[in-house]
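The lines below spell out each chain.
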Amino acid sequence: SQTIHQWPATLVQPVGSPLSLECTVEGTSNPNLYWYRQAAGRGLQLLFYSVGIGQISSEVPQNLSASRPQDRQFILSSKKLLLSDSGFYLCAWSAPTAFNEKLFFGSGTQLSVL
Amino acid sequence: GESVGLHLPTLSVQEGDNSIINCAYSNSASDYFIWYKQESGKGPQFIIDIRSNMDKRQGQRVTVLLNKTVKHLSLQIAATQPGDSAVYFCAENEPGNTPLVFGKGTRLSVIA
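Keeping their order, the protein sequence lines are chains F and L. Residue numbers for the first sequence follow the working numbering, so the first one is 1 and each next one is one higher. Residue numbers for the second sequence follow the working numbering, so the first one is 115 and each next one is one higher.
Among the hints, erroneous ones may be present.
Distance windows between CB atoms, simulated [what the hints assert, rightly or not]:
no.: 1; chain 1: L; residue 1: S166; chain 2: F; residue 2: V15; range: 41 to 47 Å
no.: 2; chain 1: F; residue 1: S1; chain 2: L; residue 2: P196; range: 24 to 30 Å
no.: 3; chain 1: L; residue 1: I225; chain 2: F; residue 2: S20; range: 38 to 44 Å
no.: 4; chain 1: F; residue 1: S107; chain 2: L; residue 2: S223; range: 22 to 28 Å
no.: 5; chain 1: F; residue 1: G52; chain 2: L; residue 2: P123; range: 36 to 42 Å
Capping the alpha-carbon separation at 27 Å, the derived lysine-lysine pairs in BS3-like fashion look like this [to be verified]:
no.: 6; chain 1: L; residue 1: K185; chain 2: L; residue 2: K170
no.: 7; chain 1: L; residue 1: K170; chain 2: F; residue 2: K102
no.: 8; chain 1: L; residue 1: K218; chain 2: L; residue 2: K170
no.: 9; chain 1: L; residue 1: K156; chain 2: F; residue 2: K102
no.: 10; chain 1: L; residue 1: K218; chain 2: L; residue 2: K182
no.: 11; chain 1: L; residue 1: K156; chain 2: L; residue 2: K218
no.: 12; chain 1: L; residue 1: K182; chain 2: F; residue 2: K102
no.: 13; chain 1: L; residue 1: K182; chain 2: L; residue 2: K170
no.: 14; chain 1: F; residue 1: K102; chain 2: L; residue 2: K185
no.: 15; chain 1: L; residue 1: K218; chain 2: L; residue 2: K185
no.: 16; chain 1: L; residue 1: K218; chain 2: F; residue 2: K102
Chain L stretches covered by chain F per the calculated footprint, using a threshold of three residues with CB under 8 Å from any CB of chain F [as the list claims (entries may be wrong)]:
no.: 17; segment: 134 to 148
no.: 18; segment: 154 to 166
no.: 19; segment: 209 to 221
Hints are computed from structural coordinates only; laboratory data are not their basis. Keep in mind it's a predicted model, so treat the numbers as computed, not measured. Cβ atoms here follow ideal geometry from the backbone N, Cα and C, with glycine treated the same way.
So that you can see chain L by itself, here it is in the shape it has in the complex (with noise of 0.2 Å):
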């Protein structure tokens, strides 16, 4: 089926800048994108969602934006610091009464 790919498997980002992590999907009905941080051996902790009425939705040190004329999802972290290294996955529900779709996740690296 479709699913939410990601254009950047690994991202290295110099400590105190921002990041920006990019994720695609494919179908255009898709109405709930959701990002997850996963730590190394850790279950994945939510980090933010955005529906398909907003573009952009902001929380602390992070913003996603949606747009959909592109299909496309990414996150920014602002400051980044050494503790936001880990994977992060974007994840979308298509239409339907079906689970979440995930990507196959971006590693992020902060150098220090």
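With the rest of the complex left out, here is chain F (with noise of 0.2 Å):
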């Protein structure tokens, strides 16, 4: 079965420290993944999504970046944090076809950022 793996669970960093979660996913291949920012009590922001190693869409303009090094590994990553770049980081994976699959996600980290 396949499952998705996201850390840390939380993470409290000053302003201009940088940052890195990390996200794998086991049990499939060439997995299309993502990465959403849920600000306290609102919806999902989608931040990044890549159908493929090296192949990284951005949706929103901003501070971080995206990598995938290898197959089932996404990275999220900031050189300096800003105070909005405070919330709930979320990784999920859907299947390797179109986009009108489910999404799985992890279990989130709780980034604050003083």
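With the hints in hand, could you dock these two chains into one complex?
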């Protein structure tokens, strides 16, 4: 069966510090991978998605970047965090077909930038 | 761009009653719709999905209804339980090679 791992679960970082969140998927090949951000009490904002190694699509221009160094690994990064980067970050995967398939989400990372 | 919206941001339901969570979508060409449940501090969990060639689909205690004429999607939960308390999101897949578009979410509170 497929599983998705996302870490860390919580993170407190000072403004201006770098960020690296990692997500890995097991049990499937060539999945579509996604990073979402969720502000407190709000909806899901798509940040990045990837349909293959090295292929990254950015939905919202901002202080973050994503990379996919391996087939089932998706990394969210920032060189210098802003206060506005605080939020709940979710990684997700879907089958390697068209986008009209269900997403499977990780457990999320609660990021607080102070 | 076009997006999925919700009629009710919050919903309080008595335990044992049925719940209906509504969602309006604006893109008449969308062909896939899905509902997620998100408990506090956790990732969204898949509940049920439906494609545009259907107007109803049932799961365990849940039913999704799709009305393409008025571009409306609903999630019905039978015999609502305290464990159903969560935020519910609908999402649609617009035509073209783009990811799902999520609505803003409805918070369901079950009153014991």
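These are the hints, each one checked on the structure:
no.: 1; hint: S166(L) / V15(F): 41 to 47 Å; in the structure: 46 Å, holds
no.: 2; hint: S1(F) / P196(L): 24 to 30 Å; in the structure: 29 Å, holds
no.: 3; hint: I225(L) / S20(F): 38 to 44 Å; in the structure: 43 Å, holds
no.: 4; hint: S107(F) / S223(L): 22 to 28 Å; in the structure: 23 Å, holds
no.: 5; hint: G52(F) / P123(L): 36 to 42 Å; in the structure: 37 Å, holds
no.: 6; hint: K185(L) / K170(L); in the structure: 14 Å, holds
no.: 7; hint: K170(L) / K102(F); in the structure: 17 Å, holds
no.: 8; hint: K218(L) / K170(L); in the structure: 23 Å, holds
no.: 9; hint: K156(L) / K102(F); in the structure: 17 Å, holds
no.: 10; hint: K218(L) / K182(L); in the structure: 20 Å, holds
no.: 11; hint: K156(L) / K218(L); in the structure: 16 Å, holds
no.: 12; hint: K182(L) / K102(F); in the structure: 20 Å, holds
no.: 13; hint: K182(L) / K170(L); in the structure: 11 Å, holds
no.: 14; hint: K102(F) / K185(L); in the structure: 20 Å, holds
no.: 15; hint: K218(L) / K185(L); in the structure: 16 Å, holds
no.: 16; hint: K218(L) / K102(F); in the structure: 18 Å, holds
no.: 17; hint: 134 to 148; in the structure: holds (count 3)
no.: 18; hint: 154 to 166; in the structure: holds (count 8)
no.: 19; hint: 209 to 221; in the structure: holds (count 8)
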